[in-house]
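Undergrad: Fit chain B to the supplied structure of chain A, relying on the hints for placement.
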Amino acid sequence: AQSVTQPDIHITVSEGASLELRCNYSYGATPYLFWYVQSPGQGLQLLLKYFSGDTLVQGIKGFEAEFKRSQSSFNLRKPSVHWSDAAEYFCAVGGGKLVFGAGTILRVKS
Amino acid sequence: GAVVSQHPSRVICKSGTSVKIECRSLDFQATTMFWYRQFPKQSLMLMATSNEGSKATYEQGVEKDKFLINHASLTLSTLTVTSAHPEDSSFYICSADLAGGGETQYFGPGTRLLVL
Chain A
7 AQSVTQPDIH
17 ITVSEGASLE
27 LRCNYSYGAT
37 PYLFWYVQSP
47 GQGLQLLLKY
57 FSGDTLVQGI
67 KGFEAEFKRS
77 QSSFNLRKPS
87 VHWSDAAEYF
97 CAVGGGKLVF
107 GAGTILRVKS
Chain B
9 GAVVSQHPSR
19 VICKSGTSVK
29 IECRSLDFQA
39 TTMFWYRQFP
49 KQSLMLMATS
59 NEGSKATYEQ
69 GVEKDKFLIN
79 HASLTLSTLT
89 VTSAHPEDSS
99 FYICSADLAG
109 GGETQYFGPG
119 TRLLVL
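One line per chain: the protein sequences are A and B, in this order.
Everything in the first sequence is counted per the working numbering, starting at 7 for the first residue and increasing by one.
Everything in the second sequence is counted per the working numbering, starting at 9 for the first residue and increasing by one.
Just so you know, these hints were derived from the structure itself, not from any lab.
Worth double-checking, as some hints may not be accurate.
Quick list of the computed label-pair ranges, beta carbon to beta carbon [said to hold, decoys possible]:
{"#": "1", "chain 1": "B", "residue 1": "S26", "chain 2": "A", "residue 2": "D14", "range": "16 to 22 Å"}
{"#": "2", "chain 1": "B", "residue 1": "T88", "chain 2": "A", "residue 2": "G68", "range": "39 to 45 Å"}
{"#": "3", "chain 1": "A", "residue 1": "D14", "chain 2": "B", "residue 2": "K63", "range": "37 to 43 Å"}
{"#": "4", "chain 1": "A", "residue 1": "T61", "chain 2": "B", "residue 2": "R18", "range": "36 to 42 Å"}
{"#": "5", "chain 1": "B", "residue 1": "S81", "chain 2": "A", "residue 2": "S116", "range": "44 to 50 Å"}
For each residue, glycine too, the CB sits at the ideal point set by N, CA and C.
So here's chain B without its partners, still in its complex pose:
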């Protein structure tokens, strides 16, 4: 149980285009999902907290107009990287909160984004 999927697993796009990444909780409902970014050989950095039916909460330094988050249902959150640039290339990981307090997060397998 408590499986989280991400799609796509990897994507290559041209600079200036937009890319959408989906995060789904497959066997549970998640009011809250989290989006993290991981640079090579570094730790995960929280980008934003996604709450179903409301606006996402972004961490300091994360551009909300560049990283659009939509949490339209209890099982799906999407991250859209708009006007992507090479510096946006990274590993993006989502998590879904099972219990509602943020303490029980189950992570997706991640999405590798490469912007050329």
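Bound-form chain A, shown alone:
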């Protein structure tokens, strides 16, 4: 069965510091992988997605993620966090239906 694990429930980083949010997945075939961001009381916005090809994918707002098949991971990174990045981030896997991880809440210290 498909599953997604986001090990960190909360992460706090200082503004300007680098960020890495972890995501591990379980999927029976080549996965489609996604990262979404959700602000409080809002829907989800797609940051980036991986279908195939280059394992380092670039997204919006300066985010990137790297697909590592050997580690079943798809970690999200950003070199310099801005206060406006504070939100909840969801990793998802799917090929039709999406299965979401539990989410990681990012807090940014000024």
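TA: Here is chain B on its own, set in the frame of chain A:
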């Protein structure tokens, strides 16, 4: 582009009444739309897949007679929570599939339902 709206954004209703939530793709046609439910501080759980012109496909454990889904056009899907109870209070989010394979979903802003 690829904007999805939901109406209403929040609704409060009395126990036993029915509530309809609309999901619209504003600038594209979507053969498939999805309905998710999100409990506080939890992730999204897929409730059902809505296909235009056919019956919705419900996930295991979701009562199809309680959560009625209608996808009458390529831009509109509705979720009706029938005989709502306090435990149905939740955040309901829809998504519309742009490409048809489920891999390119655009999400609505969500509907907060509170059943008193």
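Undergrad: Of the numbered hints stated earlier in the document, which are not met by this structure?
TA: Result: hint 1 breaks, nothing else.
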